[in-house]
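Enquirer: Each chain, letter by letter, is given below.
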Amino acid sequence: MPYLRRAVVLVLVAGAVLWFDRVRSARPSRIEQASDQGILLVGNGTEPQTLDFQIATGKPEHNIVSALFEGLVAEHPSDDYANLPGVAESWESEDFITWTFRLREEARWSNGAPVTARDFVSSYRRILAPELGGDYAQILYLMDGAEAFHRGKTEDFSQVGVKARGDHLLEIRLIGPAPYFPSLLKHYTWYPVHAATIAAHGSLTDRANRWTQPGKMVSNGPFVLKSWKFDHVIEVVKSHTYWDRERVGLEAIRYFPISSDTTEERAFRDGQLHVTQTLPIDRIAHYRDEQPEVYRTGPQLATYFYRINLKALPELADVRVRQAFSLAIDRQAIVEHVTKGGQTAAFGMVPPSGNDAPYRTPEMLRFDPEAARARLADAGFPGGQGFPKLTVLFNTSEGHRLIAQAIQEMWKQQLGVEVELLNQDWKVYLDRTSKGDYQVCRAAWIGDYMDPSTFLNMWMTDDGNNQTGWSSPAYDGLLRKAARTADPTARFHILEEAERILLEELPAIPIYWYASNRAVSRQVENWHHKLLDNRPWKDLRLKPINKE
Amino acid sequence: MTRGGDIDGGFGSARMRSTSPWRNAWRRMAANRLACGCLWLLLLVVTGCLFGPAFLPGPDDQNLALGASPPSTGHWLGTDSLGRDLLARCLVGGRLSLLVGLVATLVALVIGVTYGMLAGYLGGRTDAVMMRVVDALYGFPFLIFVILMTTLFERSLLLLFVAIGAIEWLTMARIVRGQVLTLREMEFVVAAEALGQATPRILLGHLLPNVLGPVIVYTTLTVPAVMLLEAVLSFLGLGVQPPDASWGVLISEGAQSMESFPWLLFFPAGFFSLTLFSLNLIGDGLRDAFDVRSEK
Amino acid sequence: MLVFFVRRLIQAAVVLLVVFTITFAMVRLAPGGPFAGERVVAAEILAAQEKAYGLDASILSQYGRALGLLLRGDLGPSYVYEGRSVNDLIGDAFPISLIIGFAGFAIALLIGLPLGVLAAVRKNTALDHLASGGAMLGICLPSFVLGPILALIFGIRLNWFNASGWYDASDWFLPALTLGLFYAAYIARLARAGMLEVLSLDYIRTARAKGLAESVVVGKHALRRAILPVASFLGPAFAGLISGSIVIERVFQIPGLGYHFVGAAMNRDYYLAQGTVVFYALLIVLLNLVVDLVHAALDPRIREKGGLQS
Chain Z
1 MPYLRRAVVL VLVAGAVLWF DRVRSARPSR IEQASDQGIL LVGNGTEPQT LDFQIATGKP
61 EHNIVSALFE GLVAEHPSDD YANLPGVAES WESEDFITWT FRLREEARWS NGAPVTARDF
121 VSSYRRILAP ELGGDYAQIL YLMDGAEAFH RGKTEDFSQV GVKARGDHLL EIRLIGPAPY
181 FPSLLKHYTW YPVHAATIAA HGSLTDRANR WTQPGKMVSN GPFVLKSWKF DHVIEVVKSH
241 TYWDRERVGL EAIRYFPISS DTTEERAFRD GQLHVTQTLP IDRIAHYRDE QPEVYRTGPQ
301 LATYFYRINL KALPELADVR VRQAFSLAID RQAIVEHVTK GGQTAAFGMV PPSGNDAPYR
361 TPEMLRFDPE AARARLADAG FPGGQGFPKL TVLFNTSEGH RLIAQAIQEM WKQQLGVEVE
421 LLNQDWKVYL DRTSKGDYQV CRAAWIGDYM DPSTFLNMWM TDDGNNQTGW SSPAYDGLLR
481 KAARTADPTA RFHILEEAER ILLEELPAIP IYWYASNRAV SRQVENWHHK LLDNRPWKDL
541 RLKPINKE
Chain W
1 MTRGGDIDGG FGSARMRSTS PWRNAWRRMA ANRLACGCLW LLLLVVTGCL FGPAFLPGPD
61 DQNLALGASP PSTGHWLGTD SLGRDLLARC LVGGRLSLLV GLVATLVALV IGVTYGMLAG
121 YLGGRTDAVM MRVVDALYGF PFLIFVILMT TLFERSLLLL FVAIGAIEWL TMARIVRGQV
181 LTLREMEFVV AAEALGQATP RILLGHLLPN VLGPVIVYTT LTVPAVMLLE AVLSFLGLGV
241 QPPDASWGVL ISEGAQSMES FPWLLFFPAG FFSLTLFSLN LIGDGLRDAF DVRSEK
Chain D
1 MLVFFVRRLI QAAVVLLVVF TITFAMVRLA PGGPFAGERV VAAEILAAQE KAYGLDASIL
61 SQYGRALGLL LRGDLGPSYV YEGRSVNDLI GDAFPISLII GFAGFAIALL IGLPLGVLAA
121 VRKNTALDHL ASGGAMLGIC LPSFVLGPIL ALIFGIRLNW FNASGWYDAS DWFLPALTLG
181 LFYAAYIARL ARAGMLEVLS LDYIRTARAK GLAESVVVGK HALRRAILPV ASFLGPAFAG
241 LISGSIVIER VFQIPGLGYH FVGAAMNRDY YLAQGTVVFY ALLIVLLNLV VDLVHAALDP
301 RIREKGGLQS
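Residue numbers (this note's numbering), protein chains in the order written: chain Z, 1 to 548; chain W, 1 to 296; chain D, 1 to 310.
Keep in mind that the hints were calculated from the coordinates and are not lab data. None of the values given here were measured: they were computed from a predicted structure. Mixed in with the good hints, there may be bad ones.
Unchecked claim - Taking beta-carbon pairs under 10 Å as the criterion, some of the chain W residues facing chain Z (in silico):
(1) Ala65
(2) Ser81
(3) Leu82
(4) Ile147
(5) Gly237
(6) Leu238
(7) Ala255
Even glycine gets a Cβ: it sits at the ideal position worked out from N, Cα and C.
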């Protein structure tokens, strides 16, 4: 009898499991449901710290803000260089210093109010207000008088080079000729805010002003904010007031902050996401070989490099030592065997931006262990003898750690220099680098706009981001000269000359140029790889699954 | 309580006072084949960790072109993503993990048992104050504590011991105190007090042997817990500095790529589990050996 | 009894104050402030940001302000998540961690307790070794290994549950299972040890001698005392469970409390770090109180003397 009872129980349990399996495994996936409703599901890295883009600093914030707001100039779906009309119908400038923008009359805020030139003036006034403390306001420094106002040197905003000449005519005056200015305007710091709405919810310059909450936010882009569930999802839906609403191909976009790349990849496989933010290194080969139809990769406008603190050790102030360190790094091995995600071994500081790019990065960095040893011997350390033990600082991350270990080994093998690794959490790392309390540290720089100056300005003597103690009057002079040169070709020649100095002196050793890797589901149409990864969300379409 | 209890309690206390229980325990332990087998296994792992790397390629020797490769005759357990020999890394990592596990547990054990016994035996107001101190320390979330410690001080092994030990003794103290609270009402303790024995004598002679059972079990739980904490810290990037590795570091690295390179997770996790498994069975054996009352 | 409670409440307040003060000091001593970022901003701008949040005031007046807010039940603003208060952040995340923690706790008890008791009753049999071995496996696998494995099996291969996320009513299951299996292993081992201890005691022998059925002896007489060590463990374990786990939250993408503990300290989000620590301490203090009460209820001798008079 007990055997019979056990058998009955066993059968019942097995039946229950089978029934459960049948019911659960047949559930439609989330992207199937969403595709039918025209809702795009996007993996978006980390939880946005704020949607007030005038104080925002991160990529996740940018992805959402660029769906909610629109600047004077708009992004092209595939071409990074193209500048499409946004709120501005057209623009013109004779000397590349004074620019006039004609705003389109049908542009509307989500509350129905027209978008006017005065909105832009009050927006720039807000982002430059010192009390607001906008981190990225520096990007506006190209505008005449912006820096003085932002740094509190003057309180008279009329000194700043932005004027509304009528409802739909905006004039911006720069500190010098900048032919690339329209491309810069695609950066979110140049977007407009609806000042009256912000003022209605508190002080205009209060960072904690809650105007960015759903129901309160007024925006002028193709989408409006619908809901914001902290650490879970942000949903934006198609705007009914947007001037180009006919072209908006999606009903809604949901952004999921998934900070772990392995979790995000599982979510993609589970049918929860149309688009991932990234892919785990060890899964890239799988996608490349097995699912090429969803694998998207391409170069990014970003450089990974090691900063060298010239003030930390007398040895590091010797240019030959820095050159030896650079020559001893096998960059090709690092991108092929360590990062493995389609990154490019860097031969300069400025990442190449396309085959027909107007700027040519000088090819100066190479791997040459012989020359490296010779250079170090010249400096008085043959075979690394007598060279002090070096400490490489990096912030905690699996990727940085692997690269640091690879470079540690290369310097030890090729140069005989002993290296100690020190990983610190992000804030300690920042604290130490900004105070110059390091010898060598890992760093990265992501381009803000399509121009080499975004990678070169930071190495000027007084720039806060230099942090190496390196100072070259010749370099500073060239960059200042470039800022005064209107002719693009001549300007690029000057910048190239400057980059040569940088690569000769090597206050920072470029390692590789970034690449993006992500999975994009087949339902998503019109998704193109872009160097800056700035996407005009309105151009994306979803094809329902059943149409396949 | 029945009269039998009285007699048995008296008998128990008589046994406690003699020195023979230790020898008896050892005899019982030796008779436990499973526990002894585990002891040998543990010895093997420890020996391997101490002396094995001498016969293997260096744990930091890279071969970038080779990359992550599955087990082969050249590398018995395969190589990691930088082409380093996994067996060598596992053995060297074992040194660190065992060190962290044992030292931090020892710290926790000594502080926790002393503190818990005192609190439980002294009772009353002293007990209340002592336990509130434990509560206050419990009130600190461990991770915040460690993160802030690592930012305030240079990161080092010593810091890891202190941080983990300082957390782990709390539960030990609570468990011991709970036991002592019950034990000191028992007849043999009351009897010892009535006979006017000194407090240290009562603590060491009567109470300690009787709390040893739970203490040993909890210790064998603490060693894995400590090693796991170290692993979680490694997962969060707060563990040891590279290129040094512990089992925790290796497991968390392996877990990242468990689908593509399963051996990178499997072998370190195997070492880790085998060691913890042995530790626990040894702990069980010890517990049974020390538990005089479990003889039937 | 009332005196006992009042006294414990006063003690709790002191504990909270100490915890708060130490955290306040520690987060501010840690290098790097909440507004440090990859791109260096001008000193004037950093000063403006710090002024906006009162960080330019003296450390003592900042302490006074934070304490004043705390007394009013306000944990202050978050520095990193602009426009959100710490109360909001904890209020959003805690219910989710509570659900998962509670479910994990239930799973841990449901699996761990019977397994431990069974192993003790059938000591040194195959069942004991199987149960103990299974429990060991649970302890040996860190949650950042177990979690992804469960997600791959039940989320992706079988598609029974969502591999991650917080969408459906069933999304608590996998995270709770990951949490619960770990704690179940602990409970099983503590229960086994406790049970073995008790089974050898006189009153159990007496009960057996009286000819009571084994199930009654174990279930009614022994179990009560046997779970004492378990109960000591459960208090803090429960607090640990319901305050979330950063590892589980990352693996399963759960908007819970665990992330804030680590994130706040890492980001130097001063008020959030203080707030989460105070909140956690409050949970611990309350749960310890409960444990003491349970202890007393389980063991009549403590109730009569000692324990509760403290």
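Enquirer: If a hint holds in the structure, say so; if it does not, say that too.
Expert: To see whether the hints hold, each was checked on the structure:
no.	hint	verdict
1	Ala65	holds (6 Å)
2	Ser81	holds (7 Å)
3	Leu82	holds (6 Å)
4	Ile147	holds (7 Å)
5	Gly237	holds (3 Å)
6	Leu238	holds (7 Å)
7	Ala255	holds (8 Å)
In the structure shown, no violation is registered for any of the earlier numbered hints.
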